[in-house]
Amino acid sequence: MASSTLIFSLIALILIITTIPHSMSSPVQGFAARLIHRDSPESPLYNPAATRAHLAQSARRRTTARQNYFNRLMSSGNKWGSSLISATLGQGHGDFIMQYKIGTPRVDTFGIFDTGSSLIWMQCEPCQKCYMQTIPIYDPAKSESYQKVKCGSVECSTTAYTSCTEDGECKYRIGYQDGSLTEGDIATETLMLEDDGLSGNVNLSNMVIGCGHYNLDTVEDYSPGVVGLSREPSSLVGQIGFRHVSYCIPSEDKGNRSSVKIGLPAVITEENTQTPMLSGKGGLYYLSLEDISVGGARLNIPRSVFDMTPEGDGGVIMDSGTSFTLIAPEGFGAVKQAVLDALSEFKPVEDSDKLYPFCYDDGRFKLETTPGIVFHFTRLDFPLAAGNTWIRNSQGHFCLAIRESVGNFNIFGLYQHRNANVGFDFNNNIVSLKYTDCQ
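Taken in order, the sequence shown gives residues -25 to -1, 1 to 414; the numbers are from mature numbering (1 follows the signal peptide of the UniProt record, and there is no 0).
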């Protein structure tokens, strides 16, 4: 299994409580979710025939799509929520999979777990156009609890990407310039987060969902849909009202399982591990990054590289759907040069997978002798572990797992904070980051 995809996982829920009230009601205790790698044999997306090169190619497609998504989102003049700006399919969203049941009677489904998305949606019958998925497409006509949402309702007005038809039905359309899109009905439905044998089921009634009847997928994810976990009202977190979320992703040598915790079980670590969470576009999780060090020396990268513009463009986003950290061109150039200078005794080679900026195939190259990289967030200095800085490509070469952004925005990617607890506290607008055992 290629290490470049080891951060992608299947979410099998470990539920703390037995019932959650109406989706728009007051906050409740919460639940914990166990993560399993998407390429694990337990995953509905598992492909036993996939080679390391094939997995690297898939990762490259997703990474490119994700960069294009954020580049489009951050372009001057765009407004979040426009149907042509943001695409949940075409954005190359991450590959954590949340399994759940939907409808009455219940049927099994799953979706990509994505902090960069603001809607729970899935493909639905009847299909005007649907892409291939690994399980049967959901048919709302067979559910007693499915109900279309009307225009003028709270559910319609607080959901992103919506519009109204002449007969008063609430529709959504999420499209992207590469041709990927999903469009269909906004509805309410009953979801059930499954019992995993350790605790009871969690029932979610009247959850707002997008039921997509016309869907195109150019990234070939083959997932039925997405479970959005942004800070927007229409996401899973926004609907239920949880104020705390945390997750912890282990490196491959620590195993394929980890956890996401929502509500009371979420872990927000102590004050000296915290940095401010800033407001920004689309309910995304923005951080305040001041500088980066390589080999103990600050690079003195201009703050303009990391700060949001007055129009809300740029900035630094923590995103579960982005595998590797992306740094805006001026900042990345400084980091790349500092790393190359520190490793001048080795000759860099081109990455055969065309995913990483440069690699080393010298047998003398050792992780323990590579220069340390530190991200200096406001009130928090976060050192990258060597194993979170370098990755082996399909040829076995060590490659820098940090990429140049295609725009003037920055993403703090999931690979760079493996083996660390990440906590989001919406009450105090803070993010906590602390290395720990993610088992």
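If you are wondering where the hints come from, they were derived from the structure by calculation, not from laboratory data.
Even glycine gets a Cβ: it sits at the ideal position worked out from N, Cα and C.
Keep in mind that the hints are not guaranteed to be accurate.
Distance condition first, Cα-Cα at most 27 angstroms in a straight line; then the derived DSSO-like pairs of lysine-lysine [as the list claims (entries may be wrong)]:
1. Lys311 - Lys409
2. Lys409 - Lys229
3. Lys311 - Lys329
4. Lys341 - Lys409
5. Lys125 - Lys76
6. Lys104 - Lys123
7. Lys341 - Lys311
8. Lys329 - Lys341
9. Lys123 - Lys76
10. Lys311 - Lys322
11. Lys104 - Lys76
12. Lys104 - Lys125
13. Lys76 - Lys117
14. Lys117 - Lys104
15. Lys229 - Lys341
16. Lys322 - Lys341
Label-pair ranges, simulated between beta-carbon atoms [stated by the list, open to error]:
17. Gln414 - Asn247: 19 to 27 angstroms
18. Glu227 - Asp337: 18 to 26 angstroms
19. Tyr189 - Ala272: 48 to 56 angstroms
20. Pro277 - Gln122: 47 to 55 angstroms
21. Ser128 - Lys104: 21 to 29 angstroms
22. Ser132 - Arg367: 27 to 35 angstroms
### Message
Would the hint linking Lys311 and Lys329 be met if the CA-CA limit is 27 angstroms?
### Response
Holds, at about 16 angstroms.
### Message
Holds or violated: Lys341 and Lys311, Cα atoms, limit 27 angstroms.
### Response
Satisfied, since the Cα-Cα distance of roughly 18 angstroms is no more than 27 angstroms.
### Query
At the C-beta level, are Glu227 and Asp337 separated by a distance inside 18 to 26 angstroms?
With Cβ atoms ~23 angstroms apart, the hint holds.
### Query
Does the Cβ distance between Gln414 and Asn247 fall inside 19 to 27 angstroms?
holds, 24 angstroms
### Query
Would the pair Lys76 and Lys117 pass a check requiring their Cα atoms to be no farther apart than 27 angstroms?
Satisfied, since the Cα-Cα distance of roughly 14 angstroms is no more than 27 angstroms.
#### Entry: Holds or violated: Lys311 to Lys322, with C-alpha atoms at most 27 angstroms apart
With Cα atoms ~14 angstroms apart, Lys311 and Lys322 stay inside 27 angstroms; holds.
### Task
Would you mind confirming whether the straight-line C-alpha gap from Lys125 to Lys76 stays at or under 27 angstroms?
Distance ~24 angstroms between Lys125 and Lys76 Cα, so the pair holds.
### Message
Lys104 and Lys76 were given as a pair; does the straight-line alpha-carbon distance stay at or below 27 angstroms?
### Response
Satisfied, since the Cα-Cα distance of roughly 23 angstroms is no more than 27 angstroms.
### Query
Holds or violated: 27 to 35 angstroms for the Cβ distance of Ser132 and Arg367?
violated, 49 angstroms
### Query
CA of Lys409 to CA of Lys229, is that 27 angstroms or under?
holds, 16 angstroms
### Task
Measure nothing beyond the straight line between the CA atoms of Lys329 and Lys341; if it is 27 angstroms or shorter, mark the hint as holding.
Roughly 22 angstroms separates the two Cα atoms, so the pair holds.
### Task
Would you check the hint for Lys341 and Lys409, treating anything up to 27 angstroms between C-alpha atoms as holding?
Given pair Lys341, Lys409 holds - Cα atoms ~25 angstroms apart, limit 27 angstroms.
The earlier numbered hint that this structure contradicts is number 22, and it is the only one.
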